[in-house]
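Undergrad: Chains as they are written, first to last, in this note's numbering: chain A, 28 to 421; chain B, 429 to 1063.
Hints are computed from structural coordinates only; laboratory data are not their basis.
Just so it is clear, the structure is predicted and the values come from calculations on it, not from any experiment.
For every residue, glycine included, the Cβ atom is placed at its ideal position computed from N, Cα and C.
Some hints could be false.
BS3-like, lysine-lysine: derived pairs with alpha carbons at most 30 Å apart [stated by the list, open to error]:
# : chain 1 : residue 1 : chain 2 : residue 2
1 : A       : K164      : B       : K771
2 : A       : K162      : B       : K876
3 : B       : K771      : A       : K162
4 : A       : K162      : B       : K499
5 : B       : K587      : A       : K224
6 : B       : K499      : A       : K164
Covered by chain B, according to a simulated footprint, are these stretches of chain A (three or more residues, beta-carbon under 8 Å) [stated by the list, open to error]:
# : region
7 : 59-73
8 : 99-111
What follows is a set of in silico ranges between Cβ atoms, one per label pair, in the way DEER data are often shown [unchecked claim]:
#  : chain 1 : residue 1 : chain 2 : residue 2 : range
9  : B       : G801      : A       : A176      : 30 to 40 Å
10 : A       : G190      : B       : G931      : 49 to 59 Å
11 : B       : E521      : A       : S301      : 34 to 44 Å
12 : B       : P438      : A       : T330      : 13 to 23 Å
13 : B       : R987      : A       : T330      : 35 to 45 Å
14 : A       : G215      : B       : Y967      : 24 to 34 Å
Single-letter residue listing:
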Amino acid sequence: MTIHRIEVRDPMVVRDGRINDGRSQSRGLGFPPPSVLAGVARTGLGRRDDRFDSTLAGPLLQGVRVRGPLLAADEAKDGTTSLFVPAPADALITGGPSDPSGYCVQPLRPIPTPAACESSHQGILVGLPASEMRKTKPARSLPRFWSWAAFSRWLEEPTTLEGAEAEALLQQGLSPLIEEERVHVAIGDTGTAVEGKLFETSGFRGRALPWRAGAAVGEPRRVDTGVAVHLQLDVEVEAGLELPGELSGMRPMAGERRLTCWSASSAGWPPPPSGLLDHVRANERALVRLILLTPAYVEHSLTPRCLGEAGELLAARVDRPQTISGWDFARRGPKKTRRLAPAGSVYWLRLAGDADARVAWVHERWLQNIGDDPQLRRDGFGLAAVGIGTEVTA
Amino acid sequence: MNVLVISIGPVQEFIASARKCRDLWFGSWLLSELSRAAAQGLVAASGQPEDSVLVFPGTKLESKELHVANKVVARVEGDVADLARAAERAMRERLREICEAAFKRVGRGVRNRGRVFHEDTARQQVEDLIEFLWAAAPEADEGYGGARAEAERLLAATKASKLWAQPSWAEHGAGVPKSSLDGVRESVLDEALYDVPRGDYDKRLHEEVRGRRRQFGVHGAERLCGVGLLKRFGNYEDPQLKDGTARIGDERGYRIFSTTHVASAPFRAGLDAIAGDAAFARYLERLEQLCDQYELKPWELEVAPAKDPVTGYVDGAIFYAGRLADEIEEIGGDEATVNAATKALAAFLGEVRQLGEPIPYYAIVLADGDNMGAAINDCQEQGRHRDLSHALETFATGARALVSKHGGRLIYSGGDDVLGLVPLHRLLDCVSGLEGSFGDTMRPYSAKVDGERRSPTLSVGVAIVHALDALDQSLELTREAERCAKAVAGKNGLALLVKPRGGAVVRVSGAFEREHYVERLRQLIQLHRADLLSARTQYELMDVAARLVDDEPVSAQRRETLDQIARAETRRLLARKRAAHGQEKLAEEVLDTLEGFGAFDDPQRLGRELYVASHVARALDQAEPARAQEQEAAQ
């Protein structure tokens, strides 16, 4: 395992599936899908004498596996690095600065359908018991990324936080990466701009604003402020696979071939929280949550095949799918549409086996890729963390 | 008795995936139509009269002018699951009907249509589009109100676990470009349709291929999936447009309007004010001569929704060189025709030069009721809830008329939501009209909020965007504006975002009533129109604060110091400002007005407000050239 630090030098243009015909039709994604970084890593490792060795395409796809990317920032005070992860979807956040009681963070969890009630959903629902329902609507403009410290606490203690405590958790988070738009002109035969042929690109910068309550009101802040962030990606090369290239240095990435700077990092990723391991060890049929840190490819949103063997899949908190296509370099064309469970999605599982088997299960999944397609797992989709699960019983 | 709550989606993603106004309008129309079908199916299956079953929407489902929100609340007896399934069947049947009618129009008359249009895949994509979720709870001791709350809780839980699978229609999707509208589905138009790239003027090739492309409703290199084609070819009949319906018979495709048409409204109003009929007639005649050889005329590609006193049904797109060139190119016009048409436009604009260049900006307005949840929760009886539904329908119907009256175009008005496009010169009249109408309609429905009884109010988000900006991105900004409006303390907020082409978004917000925000903006507009401020003032005021911004929380002492610096700097820069194109010192009254508006307390806010006001002021000057001249003369 080698964690690479990837610094975004220019605004990264990572487009969605729309064709780009030189107009302002396609749009930038706010965060790169893992496959984009996997592609850059494989291209770098497959370079021989300054050219990509296309005979290595197959071995690279099979033998180079990535995990991530995770967002990270260096602490100004001591130079240590903090990780940030997508906001977990089982944290329901209501209230806000204009609410007299401030913010409230509540854990969504499996709930039974009350007697005589019915719904279109056949499985166990994910929500709040009636006694915990608040009258306020879900808050808007929340942190896109949670600090690892807040997330780690959420993994171990999925409990309700109110007022200052809730706001403190949120304030450790980051808003989406700052986007920068650039206007381009088409250059005609005479080397001058063609009248009316303007198009814009939108890219994310290597900076993010710390989340602040009420900041969504739109008070603009200086563009050069915010926290400098970078991406962390684990690149693992299969034992025995000899590759000519290396990853360190400047690498073009995604649309417009904007530059990123790659370097090997001495940082490691955190181990499973001890409270989680204690919970799993102590409880027969322990309930755990599997939370996605990168989007995962699953055949069916609520019943992924890959989770079938582990134990009993109890419920899932999954939003509408995120769609990707991508560009197939071998076939020189767009890939087919695939649907992904978005980062932040949560699956509740009841673990089977004895205490050692349950602990081993956690270690095997902790910050590893899950999903129903092995190639997409190798491409970095489905990075998962495990947390303690709770449920509402009838 | 059970309370059944049905939700039909997706809403935002589906409506927002739009390149043309037609896509946008059709998306919202379709959802309304499907909700209507579901409600009708439910009523039919229950065997009860409409008014004893439906709580929301209220009754009158037959009225085609009524937009039905994507949520249905009903009181039903019997097997709830059976009734919900009947509602879903009715909805899916209606979707198939609409799809059938739309796809019949795709590529009509084109040889080998089946080879170019992959209709089976298109149908599968449409079938896969709509999610239908429901939850029901029995009325027990807590009666209707308690059952509705429980059903809502379960519906929220149902929504938390979205059921989807990998799409079967994408199985053979490798190598197929994705839809230009949202990029999430494969194009169902064969690549053979795109033999001639956009911008290729070779006459031998373009006529047949471009003609064929037009039959498939695509423009340039645009790709469409089944859902995109449904939006492009769906519903040709708009019941709102009595004038427009007469123009449907030609089978070319019924266009509703363009963003450039809305943006051109101040210019068209100005043409009327200066009696520019003759100049416009000459321009149109010249275009007709130039495009005589082509089957279609560029001014027919878009059809204005209402008759303009000067330009009739001609779409305002022909006042913008870029759009005009695009349209002529698309109908097969060669480079010489494009150049000649652009010259004709330049000559016309020269004739009416007192109006200036047509303004390319327009506003998208998104309004939403505040404290509606509390007001609904306060309705413990079904009858009271239904009265509230009727009140909302009254507002929604009025909103349509109001937006049209101000030269805009309503996209959607259902429940407490309104989405419409509005020209800049009528923007403030329109939003204050909506806010007033909502307040009047909802006054009888108060509920306890933060310890006091309050009636629902309206918050309005407005995005002022360029007519050529991608519509989905403009809509996203509008939603951001609505979020800003909702973040105004105590709500009843108005937020305006301006997205200049190639520049950063500028945001302002305030409270309609508590801050008399519309009036405040009107006064700032007046300062611009009367030329009492230099154009740079707004930028310098914004800059004062931007230079003193600190993203990290700062101590109260440091904040006070920064504020003092900002005040001193604002005084310095206003003291050296000049008005009337630099001819005069800034009048004392103007300085007092600016101080009253908080120039020294919050210079950045005032700078941003002046910036937003300047956009509206320019539109007003264009629409009322005589008044602008009078004011200049008075100076």
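Undergrad: Decide, hint by hint, whether the structure agrees.
TA: Status of the hints after comparison with the structure:
As the CA atoms of K164/A and K771/B are separated by approximately 55 Å, the hinted pair breaks the 30 Å bound. Taken as a hint, the K162/A and K876/B pair is honoured in the structure, with Cα atoms around 11 Å apart against an allowance of 30 Å. At most 30 Å may separate the alpha-carbon atoms for a hinted pair to count; K771/B and K162/A exceed this at roughly 61 Å. Between K162/A and K499/B the CA atoms are separated by roughly 19 Å; this keeps the pair inside 30 Å, and the hint holds.
Under the criterion of a C-alpha separation no larger than 30 Å, the hint pairing K587/B with K224/A is inconsistent with the structure, at around 43 Å. Restraint check for K499/B and K164/A: satisfied, since their Cα atoms lie roughly 17 Å apart, inside the 30 Å limit. Three residues within the 8 Å Cβ limit are the bar, and the region 59-73 of chain A against chain B gives 0, so the coverage statement is violated. Closer than 8 Å: that is the beta-carbon criterion, and the region 99-111 of chain A has 0 residues meeting it against chain B, so the requirement of 3 is violated.
Under the hint 30 to 40 Å, the C-beta atoms of G801/B and A176/A, about 34 Å apart, fit the expected range. A beta carbon spacing of about 39 Å between G190/A and G931/B contradicts the range 49 to 59 Å that was offered as a hint. As the Cβ distance of E521/B to S301/A is approximately 57 Å, the hint placing it in 34 to 44 Å is violated. Hint check: P438/B to T330/A, Cβ distance near 21 Å, so the stated range 13 to 23 Å holds.
Between R987/B and T330/A the beta carbon distance is about 53 Å. The supplied range of 35 to 45 Å is therefore violated. The hint said 24 to 34 Å for the Cβ distance between G215/A and Y967/B, and at roughly 33 Å that hint holds.
Figure legend: structure checked against the earlier numbered hints; hints not met, in rising order: 1, 3, 5, 7, 8, 10, 11, 13.
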